[in-house]
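Fit chains B, C and D to the supplied structure of chain A, relying on the hints for placement.
Chains as they are written, first to last, in our numbering: chain A, 40 to 615; chain B, 14 to 296; chain C, 11 to 175; chain D, 34 to 334.
Calculated from the structure, these hints are not laboratory results.
Even glycine gets a Cβ: it sits at the ideal position worked out from N, Cα and C.
Fair warning: there could be bad hints in the mix.
[As the list claims (entries may be wrong)] Label pairs and their computed distance ranges (CB to CB):
hint, chain 1, residue 1, chain 2, residue 2, range
1, B, G215, C, I57, 25 to 35 Å
2, C, I57, A, R67, 51 to 61 Å
3, A, G93, D, T94, 47 to 57 Å
4, B, P114, A, R67, 20 to 30 Å
5, D, A197, A, K225, 51 to 61 Å
6, C, N94, A, R562, 50 to 60 Å
7, A, K510, B, G215, 41 to 51 Å
8, A, R562, D, F127, 49 to 59 Å
9, A, D76, B, G215, 19 to 29 Å
10, D, G209, B, L169, 26 to 36 Å
11, B, Y142, D, A197, 57 to 67 Å
12, B, L187, C, I57, 17 to 27 Å
[Unchecked claim] Cross-link-like lysine-lysine pairs, in silico, DSSO-like; alpha carbons within 30 Å at most:
hint, chain 1, residue 1, chain 2, residue 2
13, A, K209, B, K82
14, C, K56, A, K510
15, C, K66, B, K205
16, C, K66, B, K266
17, A, K63, A, K102
18, B, K205, C, K132
19, B, K78, A, K217
Each chain is listed here by its residues.
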Amino acid sequence: MKEWARRIMDEKVREKYVNEVVEKFGDRIISVERNADNQWIIEINREDLPEVVGYIVNHPEWKETQLSTMAGADERPLRGKFSLIYWISINGASGDVFLGIKTYIPEDDPRFPAVTPVHPGAHWYEREVKDLLGLIPEGHPDPRRLVLPDDWPEGVYPLRKDFHYTDSPKREFTDETKYPYREPPKGTAVFPLGPYHVALDEPGHFRLFVKGEEIVDVDYRLFYQHRGIEKIGENRLTYDQVNFIAERICGICGTAHALAYAQAVEAAGKIEVPERAEYIRTVMAEIERLHSHMLNLGLACHDIGFDKGFMDAFRIREHVMWLAERLTGNRKTYGMVIIGGVRRDFLEYRRTMIEETLRKLREEFQKWVDQTLSTRTFIKRCEGVGVLSYRDAKRWSSVGPWARGSGRNFDARRDHPFAAYKYLDFKVPVHKEGDVLARCLVRAEEIMESIWIIEQALDEMPGGDILAEWKEIPPYREAVGFTEAPRGEDVHYVMTGEGNRLYRWRIRASTYNNFPSLPDAMRGNTVADAVLIIASLDPCYSCTERVQVVDLEEKRARVLTEKELIELSRKVSRRV
Amino acid sequence: MKLRSLYIFHLDTGACNGCEIELFDVLTPYYDAERLGVRLAASPRHAHAMAVTGPLTRQTYYAAKEAIKAMPPKPRIIVAIGTCACSGGIFYNGYPIYRRPESPREGQEYPRRGGIFELVQDLRDEGEYVGPVVYIPGCPPRPEEILYGVALALGLVEKRAKGEHYTEEAGFELPEYPIEERIRLSLRERLKYVVGYFDREGILRDFMELAGKAESVEELHRLIEDYCLRNPDSRISLAMRVLEREFLRLKEKYGWEVGMNAKAPQGEVRGVQVAVKRDAGSR
Amino acid sequence: MAVTLKYPFVKLEAPPEYRGIPHIEPRLCIGCGACVNACPADALLKIDDHSTGTRKIVLDVGRCIRCARCDEACPTGAIRMTRNFEVATLDRSDHVEVVELRLHRCPNCGNYTDYTERALEKAFQILPEGLFDKEELRKKAILCRNCRRKLTVDDTIEASREVVG
Amino acid sequence: MEAERIAFSFISLCLILFLPPLLDGIGRKVKARIQLRQGPSILQTYYDLTTFLSVEPVYPTERLAFRLAPYIAFASAVSAALVLPYGRVIPVSFTGDIFVFLYVLAMVSIAYMVGGFSLNNTYTNTGANREMMMILSIEPILGVAIGTFALNAHTLRIGAIPFALTFTVSVLLAYGLLAYSVYVEGGFIPFDVAEAEQEILEGTFSEYSGYLLGIFKWALMIKRFALLWLLSSFISIPFVRNVANGALILITQLIVLLLLYAGIAVIESMNARLRIDHVIRRNTGVFLCSLAVLLLAALGW
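Chain A extracted, bound-state conformation (with noise of 0.2 Å):
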């Protein structure tokens, strides 16, 4: 193991964190439990909700702290109660801890103190809560729905266990029914952006609140593609079988979402994963960031109109997936991560295979960086454009190249040392601008780095199984997987169950903490770049499963008669 990663997973540095909370709080604390390596159970009354998170997520000398994920969870069958954890995560390479606050909620009262106002970052969990389970967040500053089809009745939880995984009740779609969007800022016209949308990958709605081509605000109603993964995983589906629903919660940072559930079994169920499995995982999960970084780049190119950086960019990535089609048998690095371990061994020639495409990749990579930074048209649109503020970053937190690109520094490669990470060494890139072009910075810089720890990785991999063998999960254990996809931090929650089949498994995909900071990025830039901004935050719809703009000047071209018209194209043609 590296220096950096025995100075962060020091046992001592650890305890530290729990120690403090245990203190301040002192017999607020109804139990503290270690449940995994890094990872602690503070149990507290729900009173103290607010209150304790606070303080963990915002303490001033804890660096780069922020809320990993929150799951609710139906526990009624076990202990006639619903149960709540917020899973907060020490980074900024200060040692390697996660903390979950959990806390208990009667059955005939449900309702807690909600996060939210303390911190911003809690505001789609808990409306998250709301839909799936029933759980009342009390002062949330908004409490739509989030999650659930607009067509879906009121007071139907899915994710309670009473609720049977096949069941789709509806309700008439309506007028009423329909998502309740916010009413334009007065002065403001709506420029809607969605649900289809050619630039927009995937489906979502924004309603773009503009002045002339100047976003004001930002209203949106994401969850087009809520498939209903969780609770398909709950039910329909064994341990093993899990593994390839998770993959395809998102077709790009597959195996980053199937390693995180894996680790997180592993972690529950104490199973030893073999050292060479987990080299494989972190070439696996370097060459998914590989391609991933590379299509983000060439989306954001497509996305201003400069076809050639985009056809570059993708005609450079195409020798990463056939590479990764060779190794794991489909373009989508699918199928290889598994509960133990991996699923296909690298031979001698697919490890040759490797270090020739990375060596093709490098030259062809910094040629096309070195030609897209010098086109000064896209400089122009990328500078400057979509700032997020490192506040605001840390305020909703925000993962990822989307954070870094604003200044935060951490990396749960770095911060959290999981598979092989902590046996090799590299840097995490951060760029203080902010805008568009810092994060198109962090993400080419990224790259370097990942062919490097690929190199690395292929140098030191030792040899020995690739799969360990376990018989048998033990029921109600709880813990987290953690992994740095593409897009930032995936943390998946799991509670093992029993019958070969998880109780609850919470997804926390990284653009689900990305994407509420979008509105703070957006406003104040204009309509032409909001589809560039959604880009650089490389929203990935289908993780967390568009935009509406709305004017003042631009109402009166709106409301243009043809009467104006003809005058003003006879105003038009007599200054010709």
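Structure of chains B, C and D alone, referenced to chain A:
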């Protein structure tokens, strides 16, 4: 109608992004669908065809319906890209997935229902014209598969897929291997942990060939060492040695009277084990 | 220079590692249903008809996510991932492969059991020589569940009678 | 003489109608090659047009303006192209056609705006709005450029200008202005803000379909052709007017046109689209320069 120009609008009904990106890939230099006259349309109004991805979630259902209705009345070709659009995929019976009332959520119907078919059927019931549906399964389909499907819609290639219904008449065989079936199955299972499911078949086949040739344990050991020398891949060598050890262990367990015409080993087994251990430790 | 591949105008082979569509080899399939249990997407079905004594193993390539779990689970190597990927069609029934096998009939009561004749033969192939009383096993294994239970009970009664004398 | 006139007019009409899709096809092919891909057949734009023309459109509105806009655009574009010289023949020529040229050119854009504003759709409205801002900022530059030439050549017949041009400082500068305004007015990247596909779904076009869309697209191609034919005539004719006959001049014009198209394709693929505010700022700057050029021309330099 043979089309020489096909504007495709992309409709995502809740896909994982895998198929979308492959659809984008089809436009890029290596595949370049534009040479077939295919272009991505900016609006459903321009589209002759609709490329659908995703299992059709209820939230996208209404928007997707509007999008198809916004297309010009003809030809309205639907290209279902990916397993999800073809049949709902792995998500087929989740609670937010749209299915027609008559499509069972837990049934055993085949061809499996789900995906864009549900919407197309709804539209046809409403009296809207919807053209042919080209199904391109795959999770995600390779760009070549999408090209093939599009070429099929354009009438440039022949259909190759064909449904099959086999009965007992197809014949039955229980293949005989040089080693006993239960040992073979155990070895096969063990190999999954060493080199994974994909490479194991080839390695096991080679091992069985050697085991069939060997007259004695010593000879088997020699044959395997020979094989490893000839084959420079350290992973395959490791797997062969693991197989040899496992094979001898199982033979010991089940008895030696059948299979290899060899006597019980005298101490070579340990020797082999040591060798294997050393190998496993090194790179 | 242009790098564009000539496909679909020329034939193109997928790489050997590629996981294409699965295919069931009917001569090897024993109808055990291991693949059906392993399949996460329910692309494989096991449909028993006890009135006609047939079992259908149905594979719908249009539902298959190509994870190769079936390939991994199949004891006889009947279901295999192929490198074929040209399966686009206008008719979904082109994606369905059905293997229809006969169910074993209990010689005692004449009812159909829930395993196929082929699975039984395979089971006998796997049985280790000498460890078990094969003949005894053969006698029991070919019976249906009810008859087997009855036989076991009968045997026990008989044995206890012998003991009690 | 009359026979030659009729022959040339006929050829020019064929060129105006059927050459633009080929030029577009060539542009696409060049772009594809720069992107290292095979690209479509150079006849692809014809296939696209014929397919569009054979498809029944959907009418999102009952308004007549919506239905008429493509035809107005088409007619205007063709008329703009007809006042230009083809060899030594100008199909339609009269004094003051210089204003007609600019007017009908603007009519194409106005038809685009009418189409866009006839609907209550944010994308078409934004597209129309952007087109309006574009046309208001670029037409003056084009006007000044052509005006400078006219001042130099002492004629108000646009087709006759290149035959009477003498080279002065202001004329050389006006060439630059003309090239710039033709490029911007043609809506080539980075100035395709009004039809931006990714941002506003091709603006006004987003609601057009079938043959209406076909005609509209065709009209825009003819407009581009007219603009570039103007530039190509101004570049080629002054050099060959004294040494070549009509046919040869026509061929020179064609060759220059092809080169321009290929050159534009190269510039297009090397750039990202600008934002409308960038474009307006740049156009305003160029317009101020153009006034200086006009001043030079007025002083006789």
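Hint check:
A beta carbon spacing of about 34 Å between G215 of chain B and I57 of chain C agrees with the range 25 to 35 Å that was offered as a hint. A hinted range of 51 to 61 Å holds for the C-beta pair I57 of chain C and R67 of chain A, which are about 58 Å apart. Checked against the hint of 47 to 57 Å, the C-beta distance between G93 of chain A and T94 of chain D comes to roughly 53 Å, which is consistent with it. The beta-carbon spacing between P114 of chain B and R67 of chain A, approximately 52 Å, falls outside the hinted interval of 20 to 30 Å.
Checked against the hint of 51 to 61 Å, the C-beta distance between A197 of chain D and K225 of chain A comes to roughly 59 Å, which is consistent with it. The hinted range of 50 to 60 Å is satisfied by N94 of chain C and R562 of chain A, whose Cβ atoms lie roughly 52 Å apart. The given range of 41 to 51 Å is broken by K510 of chain A and G215 of chain B, whose C-beta atoms sit roughly 28 Å from each other. Taking 49 to 59 Å as the suggested C-beta distance range, the pair R562 of chain A and F127 of chain D conforms, at roughly 55 Å.
For D76 of chain A paired with G215 of chain B, a C-beta distance near 38 Å fails the hint of 19 to 29 Å. Here the CB-CB span from G209 of chain D to L169 of chain B is close to 47 Å, at odds with the stated 26 to 36 Å. Distance hint for Y142 of chain B and A197 of chain D: a CB-CB separation of about 59 Å, consistent with the stated range 57 to 67 Å. Our hint of 17 to 27 Å for L187 of chain B and I57 of chain C holds, since their Cβ atoms are close to 24 Å apart.
Note on K209 of chain A and K82 of chain B: the hinted pairing holds, with a Cα-Cα distance of about 23 Å set against a maximum of 30 Å. Proximity of K56 of chain C to K510 of chain A is assessed by CA-CA distance (about 26 Å); at most 30 Å being required, the pair is judged to hold. For the hint linking K66 of chain C to K205 of chain B, the alpha-carbon distance of about 29 Å falls within 30 Å, and the restraint holds. Distance hint between K66 of chain C and K266 of chain B is unfulfilled; the C-alpha atoms sit about 37 Å from each other, more than 30 Å.
A C-alpha spacing of about 18 Å is found between K63 of chain A and K102 of chain A, which places the hinted pair at or below 30 Å, so the restraint holds. With a CA separation close to 22 Å, the supplied pair K205 of chain B and K132 of chain C stays within the 30 Å bound. For the hint pairing K78 of chain B with K217 of chain A, the CA-to-CA distance comes to about 16 Å; that is within 30 Å, so the pair holds.
Violated hints, listed in ascending order, are 4, 7, 9, 10 and 16; each of the other numbered hints is respected by the structure.
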